[in-house]
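> Below, each chain spelled out in residue letters.
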Amino acid sequence: MSTALAPATTAAVALRQVTKTHPHGVRALDDVTVEVPRGSFLAVMGPSGSGKSTLLQVAAGLDTPTSGEVLLDGTAIGGLDETRRTELRRDRIGFVFQAYNLLPALTVAENITLPLRLAGKSLDRAWVQYLVDRVGLGDRLDHRPAELSGGQQQRAAIARALVARPAVVFADEPTGALDLHSAAEVLDLLRDLVDDLGQTVVLVTHDPAAAARAHRALVMADGRVVDTLDHPAAADLAGRLVALREG
Amino acid sequence: MFALALRLARTRLTASLAVLVAVLGGAAIVTGTGVLAESGLRSHLPVDRLAGAEVVVSADQTVQPSADLAVALPERGSVPAALADELAQLPGVQSVVPDVSFPAAVLDPAGDVVATTDPVTAGHGWSSVGLLDDPAVTGTPPTGPREVAVDTEMAAAAGVAPGDPVRVVLAGRTSDARVTAVVPAGAGVLVADDRAAQLAGQAGTVDLIGLQVDGDAEAVADAVGPLLPAGTIVSTGDARGDVALPEAAAARSLLVVLAGSLMGVPLLIVGFVVAGALAVSIGGQRRELALLRAVGTTPRQLRRLVAGQATVVAAVALVPGIAVGYLLAGQFRRLLVHVGVLPDALPLTVGPLPALAAAALLLGVVQVAARGAAWRTSREPVTQLLADSRTGPRTPSPGRHRAGLLLIAAAVPLSVPPLLVQSPIGAASTSLAGIVAAIGLALAGPLLLRRVTGGLARRLPAGTSAPAWLAVANLHGYALRSAGAVTTLAMAVVVALTYTFAQTTVIDATAEQTRAGTVADATITAPGLGGIPAGLVDDVQAVPGVEAVAPVSSTTVLWPMRLLGEEELSAGPALVLPPAGAGVLDLDVRDGDLADLTGATVAVGSGAAGARDVGVGDQVQLTLGDGAAVEARVVAVYGRELGFGSVVLSADLAAGHTTGGLADSLLVRTDGDPATDRALAGLTDRPGVTVSGGGVAGDRPAAPPEVWINLAVIGVLLGYLLLGIANALVAATAQRRGEIATLRLTGTTPRQVRTMMRREAALVSGAAVAAGVLVSAVPLALLGLGFLDRPWPSGPGWLLPATALVVIGIAFLAIELPTRSALRSPPADALASQG
Ligand SMILES: Nc1ncnc2c1ncn2[C@@H]1O[C@H](COP(=O)(O)OP(=O)(O)O)[C@@H](O)[C@H]1O
Ligand SMILES: [Mg+2]
Numbered sequence: 001m002s003t004a005l006a007p008a009t010t011a012a013v014a015l016r017q018v019t020k021t022h023p024h025g026v027r028a029l030d031d032v033t034v035e036v037p038r039g040s041f042l043a044v045m046g047p048s049g050s051g052k053s054t055l056l057q058v059a060a061g062l063d064t065p066t067s068g069e070v071l072l073d074g075t076a077i078g079g080l081d082e083t084r085r086t087e088l089r090r091d092r093i094g095f096v097f098q099a100y101n102l103l104p105a106l107t108v109a110e111n112i113t114l115p116l117r118l119a120g121k122s123l124d125r126a127w128v129q130y131l132v133d134r135v136g137l138g139d140r141l142d143h144r145p146a147e148l149s150g151g152q153q154q155r156a157a158i159a160r161a162l163v164a165r166p167a168v169v170f171a172d173e174p175t176g177a178l179d180l181h182s183a184a185e186v187l188d189l190l191r192d193l194v195d196d197l198g199q200t201v202v203l204v205t206h207d208p209a210a211a212a213r214a215h216r217a218l219v220m221a222d223g224r225v226v227d228t229l230d231h232p233a234a235a236d237l238a239g240r241l242v243a244l245r246e247g
Numbered sequence: 001m002f003a004l005a006l007r008l009a010r011t012r013l014t015a016s017l018a019v020l021v022a023v024l025g026g027a028a029i030v031t032g033t034g035v036l037a038e039s040g041l042r043s044h045l046p047v048d049r050l051a052g053a054e055v056v057v058s059a060d061q062t063v064q065p066s067a068d069l070a071v072a073l074p075e076r077g078s079v080p081a082a083l084a085d086e087l088a089q090l091p092g093v094q095s096v097v098p099d100v101s102f103p104a105a106v107l108d109p110a111g112d113v114v115a116t117t118d119p120v121t122a123g124h125g126w127s128s129v130g131l132l133d134d135p136a137v138t139g140t141p142p143t144g145p146r147e148v149a150v151d152t153e154m155a156a157a158a159g160v161a162p163g164d165p166v167r168v169v170l171a172g173r174t175s176d177a178r179v180t181a182v183v184p185a186g187a188g189v190l191v192a193d194d195r196a197a198q199l200a201g202q203a204g205t206v207d208l209i210g211l212q213v214d215g216d217a218e219a220v221a222d223a224v225g226p227l228l229p230a231g232t233i234v235s236t237g238d239a240r241g242d243v244a245l246p247e248a249a250a251a252r253s254l255l256v257v258l259a260g261s262l263m264g265v266p267l268l269i270v271g272f273v274v275a276g277a278l279a280v281s282i283g284g285q286r287r288e289l290a291l292l293r294a295v296g297t298t299p300r301q302l303r304r305l306v307a308g309q310a311t312v313v314a315a316v317a318l319v320p321g322i323a324v325g326y327l328l329a330g331q332f333r334r335l336l337v338h339v340g341v342l343p344d345a346l347p348l349t350v351g352p353l354p355a356l357a358a359a360a361l362l363l364g365v366v367q368v369a370a371r372g373a374a375w376r377t378s379r380e381p382v383t384q385l386l387a388d389s390r391t392g393p394r395t396p397s398p399g400r401h402r403a404g405l406l407l408i409a410a411a412v413p414l415s416v417p418p419l420l421v422q423s424p425i426g427a428a429s430t431s432l433a434g435i436v437a438a439i440g441l442a443l444a445g446p447l448l449l450r451r452v453t454g455g456l457a458r459r460l461p462a463g464t465s466a467p468a469w470l471a472v473a474n475l476h477g478y479a480l481r482s483a484g485a486v487t488t489l490a491m492a493v494v495v496a497l498t499y500t501f502a503q504t505t506v507i508d509a510t511a512e513q514t515r516a517g518t519v520a521d522a523t524i525t526a527p528g529l530g531g532i533p534a535g536l537v538d539d540v541q542a543v544p545g546v547e548a549v550a551p552v553s554s555t556t557v558l559w560p561m562r563l564l565g566e567e568e569l570s571a572g573p574a575l576v577l578p579p580a581g582a583g584v585l586d587l588d589v590r591d592g593d594l595a596d597l598t599g600a601t602v603a604v605g606s607g608a609a610g611a612r613d614v615g616v617g618d619q620v621q622l623t624l625g626d627g628a629a630v631e632a633r634v635v636a637v638y639g640r641e642l643g644f645g646s647v648v649l650s651a652d653l654a655a656g657h658t659t660g661g662l663a664d665s666l667l668v669r670t671d672g673d674p675a676t677d678r679a680l681a682g683l684t685d686r687p688g689v690t691v692s693g694g695g696v697a698g699d700r701p702a703a704p705p706e707v708w709i710n711l712a713v714i715g716v717l718l719g720y721l722l723l724g725i726a727n728a729l730v731a732a733t734a735q736r737r738g739e740i741a742t743l744r745l746t747g748t749t750p751r752q753v754r755t756m757m758r759r760e761a762a763l764v765s766g767a768a769v770a771a772g773v774l775v776s777a778v779p780l781a782l783l784g785l786g787f788l789d790r791p792w793p794s795g796p797g798w799l800l801p802a803t804a805l806v807v808i809g810i811a812f813l814a815i816e817l818p819t820r821s822a823l824r825s826p827p828a829d830a831l832a833s834q835g
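From first to last, the protein sequence lines are chains A and B.
Everything in the first sequence is counted per my numbering, starting at 1 for the first residue and increasing by one.
Everything in the second sequence is counted per my numbering, starting at 1 for the first residue and increasing by one.
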């Protein structure tokens with residue numbers, strides 16, 4: 001299935017025969033091979049416990065695989081220590097999680113520019129301004145996260161994920177805690193970023209409607225990729241998921 | 001609700017542990033103090049010498065002010081001797097034993113004094129054997145002036161048996177006598193009854209009357225009651241122990257005073273530590289509590305739940321805490337005995353009352369503190385809570401800020417007493433003022449910190465490293481949380497500085513006044529003889545080169561004062577001085593003349609005189625140490641009140657009102673010629689006489705005992721406070737796992753996280769030391785001005801640096817260790833376990 005993807009050198013992220021066994025012997029990833037081409041929007045779907053988050057964390061270098069190889073922008077990240085992996089994440093990867101994305105003590109602007117500050121990089125004001133305008137928070141920069149709605153917080157998190165111009169943005173159920181309207185806004189924003197900026201995005205979700213915005217969707221079950229759909233339609237995806245649950 | 005409370009308590013282990021330790025230590029301190037207080041009220045000295053008399057009639061050795069606790073008098077009072085005959089008529093009374101006492105000592109064949117527990121009252125009349133439990137007498141009663149009986153201990157030490165000659169010193173006079181009998185241990189030195197009355201200098205009065213009764217002692221005591229004149233009491237059972245030794249019994253009441261003075265500051269600190277631990281613990285559960293509210297828990301139920309949970313933890317801690325408290329009281333008693341303010345014979349009363357009081361008090365504090373900490377969470381709208389609990393910092397409330405500033409302001413008038421009253425009581429208000437200001441700081445802290453860190457954040461240079469910038473941003477953003485750490489550490493600084501310096505300043509100021517006020521250069525004492533023997537003054541006077549000599553004693557005086565319209569009665573030390581005292585002591589006389597101390601006269605300290613608005617020539621009403629009410633004319637007002645006490649009695653006025661009647665010491669001023677010193681040293685040839693260089697007025701210690709005791713208390717208290725602070729800080733840092741995980745996911749390296757936390761620790765401890773010093777500055781400056789005429793206190797120079805080091809060390813450890821532990825788990829896991 002994955003052999004059909006573009007060559008490894010052009011992939012933003014690639015997992016090769018990755019297996020991840022958690023303590024207590026749970027095999028969360030079982031010989032998974034995935035390549036995410038640059039500029040593509042990949043959705044990862046599957047029932048709860050199927051290994052989606054594990055896939056994302058291993059791909060992002062947050063966790064190390066038990067076996068197999070992870071390449072980021074063509075560089076193998078296995079064998080890097082925690083500090084090097086953190087620096088790599090800071091420079092090359094953006095994250096958006098379901099919650100706890102923002103530091104409550106910092107303002108929106110400070111949160112968004114934090115990765116640059118941590119990396120000791122200078123601020124590209126025009127870029128930051130572009131991002132905050134894109135996510136629609138231009139008038140909220142001095143607010144603290146507590147003063148934002150859930151959707152606004154996630155949009156701020158997306159701006160922060162992009163500020164260091166990462167190779168990939170990983171999002172793990174970023175709309176899981178949002179109402180339908182806000183969720184749609186956030187998902188549309190992600191898709192627009194892919195279209196407008198050529199940003200690579202990997203989105204973990206169990207919402208077929210969300211996955212339908214992606215270029216490609218992987219369906220996982222029991223730690224394996226059991227299906228791949230290009231330009232998926234929500235109805236198709238929903239059908240696969242139901243089939244998985246019943247099977 | 002209970003099971004839920006228990007489960008919640010379990011899930012927050014570090015925070016629960018902090019509460020546990022706070023309550024445990026608090027229970028120990030309260031129980032310990034309670035045991036001391038109960039002992040002061042109910043403990044009795046062993047009955048010992050009076051065990052054979054079931055009922056004892058004696059002078060009432062207490063003065064009962066209208067409202068306050070009774071004040072115990074240390075000098076032996078007396079009862080009319082004629083009362084004995086009357087009491088003998090009562091049904092059930094088998095025999096009546098009047099008893100008097102006088103200073104007595106036995107010399108061994110080498111001419112050295114045989115040590116006894118209380119030589120001042122060792123001498124008695126022969127009939128006092130009737131007071132003994134076991135009247136096993138070997139020999140015959142002494143008769144005439146040249147016969148004595150001695151107790152077995154003295155006989156063994158002096159190596160004498162009935163029939164042997166022995167040298168004795170009775171009421172200060174040395175004489176040769178023959179031992180006619182050996183009596184049971186503790187009976188002392190006995191002479192014929194008429195001679196005893198002579199030696200005691202008492203005509204028509206006795207110290208006490210013992211009754212041997214048939215059958216029920218209580219019934220006899222009841223019958224005795226109506227016959228007694230005013231100021232006389234009847235005792236039975238254990239209470240007789242107090243009657244035997246008024247001085248020791250008076251020392252017992254020190255325990256009450258002590259427990260009372262101990263209660264204030266430690267209770268404040270216990271409340272502070274327990275409330276701090278609970279605030280951290282409940283703060284860490286805001287998410288759970290918000291969820292509980294969301295599923296329909298009412299505000300009241302929520303507060304009940306939180307209080308219930310805290311009570312479970314507190315109940316677990318109370319048992320060991322109370323046990324430790326009883327042990328602590330025992331240690332404390334040993335210290336008091338060691339310092340010499342408590343007779344070794346006095347046991348502690350170990351009852352359930354202190355434990356119950358500690359349990360009630362601590363549970364009360366826990367309930368109030370827990371409900372207070374949960375108040376806001378319980379009242380806010382649920383939506384607000386859920387948003388808050390995910391995103392953290394709350395804004396400090398302005399009401400709290402204003403209350404804090406008010407308390408800080410209130411500390412200023414509280415710091416003033418040292419300017420008005422140069423006494424340990426005046427100095428005590430220094431630490432109280434400091435602690436009140438520190439509590440104010442705890443309240444005003446969040447907003448103050450928010451402003452300071454806000455200013456700091458704006459002024460950070462452009463090149464500031466990300467961790468340092470984050471540290472400032474965290475302190476600013478989490479002002480409530482950070483201020484909790486800063487202000488508790490500041491409290492430790494304040495307690496250490498104000499409490500310790502208050503004591504050391506009193507010690508140094510007292511020592512300085514005593515030194516400056518003593519122009520004598522030698523002190524002669526004879527403790528083994530029960531006081532300065534007769535004739536020694538003249539002999540010293542006769543030594544060539546001696547310019548002045550005066551016998552000096554210390555006693556206790558009650559000088560009532562109207563305070564806020566109420567009569568205040570507290571016993572204070574007083575010197576007894578003859579007119580010659582002016583030659584050996586320089587009390588810094590402001591008005592009048594010490595040489596006029598003849599007849600019913602006193603000299604008074606300027607502070608005490610000012611407070612009562614009296615001056616030279618005025619008459620004052622005093623109660624002497626044996627309870628006698630006297631009126632005396634003020635002949636001098638002096639300044640060195642701290643070094644020498646507020647009242648100086650003329651020797652004439654005190655005569656007959658001190659136990660034993662002999663002077664404590666002779667102060668001698670010489671021409672400074674070494675030959676004179678040698679001649680004085682020659683006086684030590686005399687049995688029991690010691691000569692030491694320099695002058696010490698009476699047997700006054702260098703500083704009042706409560707000062708030393710306070711220094712010991714501060715050790716316990718600081719240890720408790722620091723432990724509580726460290727625990728709360730560890731718990732608060734452990735609660736930052738989620739925040740640390742978010743930082744790491746944003747690209748913060750572990751090293752940057754550690755650096756950030758260390759910067760925070762540095763800022764927190766730095767701010768704590770600065771705030772602590774600032775808050776202590778006013779009370780300590782006023783203390784210095786009051787006692788030393790300079791705006792800073794006196795004490796060890798290492799105290800401030802040592803305190804700062806400890807505070808910084810605790811902040812670093814309590815922040816570093818949980819941070820390391822948080823960094824060990826993968827950040828994604830930490831977040832997953834959060835939400
Ligand atoms: N830290 C862990 N320790 C043990 N098992 C884990 C851990 N994290 C995940 N798992 C297990 O791995 C499997 C996959 O989990 P996950 O990747 O979180 O699934 P998904 O995100 O698809 O719901 C599950 O069975 C889960 O229980
Ligand atoms: Mg998941």
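Quick caveat, the hints were computed from the structure, so don't treat them as lab data.
Here the structure is a predicted model, which is why all the values come from computation and not from measurement.
Positions of the beta carbon are idealized from the N, C-alpha and C atoms, including for glycine.
Take the hints with a grain of salt, since some may be wrong.
As the list claims (entries may be wrong) - Partial selection, computed: residues in chain A whose CB lies under 7 angstroms from chain B:
id: 1; residue: R38
id: 2; residue: Q57
id: 3; residue: L80
id: 4; residue: T83
id: 5; residue: T86
id: 6; residue: L88
id: 7; residue: F95
id: 8; residue: A105
id: 9; residue: L106
id: 10; residue: P115
id: 11; residue: R117
id: 12; residue: K121
id: 13; residue: L123
id: 14; residue: W127
id: 15; residue: V128
What the hints assert, rightly or not - Pair by pair, the computed Cβ-Cβ distance ranges are:
id: 16; chain 1: A; residue 1: A119; chain 2: B; residue 2: L405; range: 40 to 48 angstroms
id: 17; chain 1: B; residue 1: E288; chain 2: A; residue 2: P47; range: 26 to 34 angstroms
id: 18; chain 1: A; residue 1: G138; chain 2: B; residue 2: L785; range: 55 to 63 angstroms
id: 19; chain 1: B; residue 1: E288; chain 2: A; residue 2: G138; range: 34 to 42 angstroms
> For each hint, tell me whether it holds in the structure or not.
Hint-by-hint comparison with the structure:
no., hint, verdict
1, R38, "violated (21 angstroms)"
2, Q57, "holds (5 angstroms)"
3, L80, "violated (12 angstroms)"
4, T83, "holds (5 angstroms)"
5, T86, "holds (4 angstroms)"
6, L88, "violated (9 angstroms)"
7, F95, "holds (5 angstroms)"
8, A105, "holds (2 angstroms)"
9, L106, "holds (6 angstroms)"
10, P115, "holds (5 angstroms)"
11, R117, "holds (5 angstroms)"
12, K121, "violated (10 angstroms)"
13, L123, "violated (11 angstroms)"
14, W127, "violated (17 angstroms)"
15, V128, "violated (15 angstroms)"
16, A119/A to L405/B: 40 to 48 angstroms, "holds (42 angstroms)"
17, E288/B to P47/A: 26 to 34 angstroms, "holds (28 angstroms)"
18, G138/A to L785/B: 55 to 63 angstroms, "holds (59 angstroms)"
19, E288/B to G138/A: 34 to 42 angstroms, "holds (36 angstroms)"
This entry does not satisfy hints 1, 3, 6, 12, 13, 14, 15, going by the numbered hints stated previously.
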